[in-house]
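K.L.:
Residues per chain, in single letters:
There are 2 protein chains.
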Amino acid sequence: MAALTMTDMTVPSAADAPPVAPTSGEEGNRRGDIIRAAGRLFRQKGYNGTTIRDIADAVGMRSGSPFYHFKSKHEILFTVTTEGIEVMLRNLEMVIAKGQPARECFEDCVATHMNYLLGPGRDFAWVMLYESRLLDPAERAIVHRMSARYEEVFSAVLDRLQASGHLHDASAVARKLILGAINWSAQWYDETGASDPQAIARQLCALVLHEKN
Amino acid sequence: MAALTMTDMTVPSAADAPPVAPTSGEEGNRRGDIIRAAGRLFRQKGYNGTTIRDIADAVGMRSGSPFYHFKSKHEILFTVTTEGIEVMLRNLEMVIAKGQPARECFEDCVATHMNYLLGPGRDFAWVMLYESRLLDPAERAIVHRMSARYEEVFSAVLDRLQASGHLHDASAVARKLILGAINWSAQWYDETGASDPQAIARQLCALVLHEKN
DNA sequence: CCTACCGATCGGTAGG
DNA sequence: CCTACCGATCGGTAGG
Chain A
4 MAALTMTDMT
14 VPSAADAPPV
24 APTSGEEGNR
34 RGDIIRAAGR
44 LFRQKGYNGT
54 TIRDIADAVG
64 MRSGSPFYHF
74 KSKHEILFTV
84 TTEGIEVMLR
94 NLEMVIAKGQ
104 PARECFEDCV
114 ATHMNYLLGP
124 GRDFAWVMLY
134 ESRLLDPAER
144 AIVHRMSARY
154 EEVFSAVLDR
164 LQASGHLHDA
174 SAVARKLILG
184 AINWSAQWYD
194 ETGASDPQAI
204 ARQLCALVLH
214 EKN
Chain B
4 MAALTMTDMT
14 VPSAADAPPV
24 APTSGEEGNR
34 RGDIIRAAGR
44 LFRQKGYNGT
54 TIRDIADAVG
64 MRSGSPFYHF
74 KSKHEILFTV
84 TTEGIEVMLR
94 NLEMVIAKGQ
104 PARECFEDCV
114 ATHMNYLLGP
124 GRDFAWVMLY
134 ESRLLDPAER
144 AIVHRMSARY
154 EEVFSAVLDR
164 LQASGHLHDA
174 SAVARKLILG
184 AINWSAQWYD
194 ETGASDPQAI
204 ARQLCALVLH
214 EKN
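If you're matching them up, the sequences are chains A and B in order. FYI, in our numbering the residues of the first sequence are 4 to 216. FYI, in our numbering the residues of the second sequence are 4 to 216.
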């Protein structure tokens, strides 16, 4: 479960060069390449519809080579999935640490969630949402625990929203409904080239919140 | 695209008995058996994670026999998918035909949608929502057209809701957000044994609507 | 709807 | 990270 921190990868020094020259003219971190390619393919064709050969092709490897970096296809799925939740949870906690008023905090949380979901986290978040159920029970339990942690934190935001009179219902069902509206956007964002994530987040807030001016 | 009408299947007369005696002691419609078993398996393990042998086993056939009823595995997926949308669209149009006031109509639509999604349509609706993207482009286009038709009808309901002052935003994005909150319930309904579909529908309405008493 | 089967493909490994 | 390969499984078919 070690964070992949692919987000903050910077240009590595020449000393990091792998022992064997990479196929492309790039630097290192072939492991990260595999994860990113796998994420994209898993989203497009599903986990079971993607072969190790697809992934290897996408990063310019031969079919046996991904197993030098991961011990199984399942481990690739697990890594993509946890990358997805970890980033989302980290983002959420950073927003909350700002200590904004309830309403501003909520809108910021939603916007941040959507910015990742529809932007850089497109593949990772999608795989977490729709493919992680194909993991083994033990792995799925870990993922489930992390998702539960996310909801727990999000729940506190909703509680404050209710206390400030902006939200009437902060129950578990209401929380699921709101998160559903948010997460579902990954399904339709592409086809409607319309709004940006930020704007969608604002519309969601307006839909659910009661203004107190 | 012919409706399967598995919903209104009743006890067939003895004259409908298949030429070859079925393995189990039951009546007919092995095709319907296959569709139902496939729906359940596709939801549990995904389309690509389900084999023809899984489906055949589930209905007590040998692995080659499903191809007597369907010309390919894809055709099974397509049939399950269209069954899902057709029923949902039919249900929606029946509710609208009642001619209720905007607010009552909306709540009825949501409740009906959720009753099918979380009840008898669990497998069909799930496959439509999450597995139909694995269809061929041509088949997917048909499914997409039917979903668009559903949204179109649903959109008219939202427009009336806006006209009556119960909803501020009836835009395409708002529609997607509302449908997302509804559809996402299929993801969490099982684990939280709490509310029934009806109650969830009511909470969704309260969350989104402005009361005008 | 069964028997018997096929060609293709898949995840994964040994050995370097 | 490549070469070369394996056993298992898969969707689908011929013929009855």
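Worth double-checking, as some hints may not be accurate.
Pairs count within a copy or across copies, as identical chains cannot be separated in the list.
[To be verified] DMTMM-like mimics (lysine to aspartate or glutamate), calculated; alpha carbons at most 25 Å apart, straight line:
hint: 1; residue 1: Lys74; residue 2: Glu214
hint: 2; residue 1: Lys48; residue 2: Asp162
hint: 3; residue 1: Lys101; residue 2: Asp60
hint: 4; residue 1: Lys48; residue 2: Glu142
hint: 5; residue 1: Lys76; residue 2: Glu214
hint: 6; residue 1: Lys76; residue 2: Asp57
hint: 7; residue 1: Lys74; residue 2: Glu154
hint: 8; residue 1: Lys74; residue 2: Glu107
hint: 9; residue 1: Lys74; residue 2: Asp172
hint: 10; residue 1: Lys48; residue 2: Glu96
hint: 11; residue 1: Lys76; residue 2: Asp36
hint: 12; residue 1: Lys74; residue 2: Glu155
hint: 13; residue 1: Lys48; residue 2: Glu110
hint: 14; residue 1: Lys76; residue 2: Asp199
hint: 15; residue 1: Lys48; residue 2: Asp139
hint: 16; residue 1: Lys74; residue 2: Asp199
hint: 17; residue 1: Lys76; residue 2: Asp111
hint: 18; residue 1: Lys76; residue 2: Glu89
The hints are simulated quantities; they were obtained by calculation from the structure and are not laboratory data. Predicted model, so just to flag it, every value in this text is computed and none were measured.
K.L.:
Confirm or reject each hint.
P.N.:
Taking the hints in turn, this is what the structure says about them:
Taking identical chains as interchangeable, the C-alpha atoms of Lys74 and Glu214 are never at most 25 Å apart, the minima being 52 Å within one chain and 57 Å between chains. Neither within a single protomer nor between protomers do Lys48 and Asp162 lie at most 25 Å apart by alpha-carbon distance, with minima of 38 Å and 36 Å respectively. In this assembly of identical chains, the alpha carbons of Lys101 and Asp60 never lie at most 25 Å apart, being 43 Å within a copy and 56 Å across copies at closest. In this homomeric assembly, Lys48 and Glu142 come within 25 Å of each other (Cα to Cα) both inside a single copy, at 21 Å, and across copies, at 16 Å.
For a Cα distance limit of 25 Å, the shortest separation of Lys76 from Glu214 qualifies neither inside one copy, at 49 Å, nor across copies, at 52 Å. For a Cα distance limit of 25 Å, the shortest separation of Lys76 from Asp57 qualifies both inside one copy, at 12 Å, and across copies, at 22 Å. Proximity of Lys74 to Glu154 under the C-alpha cut-off of 25 Å is found in neither arrangement, the shortest distances being 31 Å within a copy and 44 Å between copies. Proximity of Lys74 and Glu107 under a CA criterion of 25 Å is satisfied in neither setting, with 44 Å inside one chain copy and 56 Å between copies.
Taking identical chains as interchangeable, the C-alpha atoms of Lys74 and Asp172 are never at most 25 Å apart, the minima being 46 Å within one chain and 50 Å between chains. Taking the shortest alpha-carbon separations for Lys48 and Glu96, neither the intra-copy value of 32 Å nor the inter-copy value of 33 Å comes in at or below 25 Å. When the C-alpha separation of Lys76 and Asp36 is checked against a cutoff of 25 Å, the pair qualifies only within one copy, where the shortest distance is 15 Å, while the shortest distance between copies is 33 Å. In this homomeric assembly, Lys74 and Glu155 never come within 25 Å of each other (Cα to Cα): the closest approach is 33 Å inside a single copy and 48 Å across copies.
With identical chains, the CA atoms of Lys48 and Glu110 are never at most 25 Å apart, being 33 Å at best within one copy and 36 Å at best between copies. Neither within a single protomer nor between protomers do Lys76 and Asp199 lie at most 25 Å apart by alpha-carbon distance, with minima of 34 Å and 38 Å respectively. Taking identical chains as interchangeable, the C-alpha atoms of Lys48 and Asp139 lie at most 25 Å apart whether they share a chain (20 Å) or sit on different chains (12 Å). In this assembly of identical chains, the alpha carbons of Lys74 and Asp199 never lie at most 25 Å apart, being 39 Å within a copy and 43 Å across copies at closest.
Taking the shortest alpha-carbon separations for Lys76 and Asp111, neither the intra-copy value of 36 Å nor the inter-copy value of 45 Å comes in at or below 25 Å. Within a single copy, Lys76 and Glu89 get their C-alpha atoms as close as 20 Å, which meets the 25 Å cut-off; across copies the closest is 37 Å, which misses it.
Against the hints set out earlier in the document, violations occur for numbers 1, 2, 3, 5, 7, 8, 9, 10, 12, 13, 14, 16, 17.
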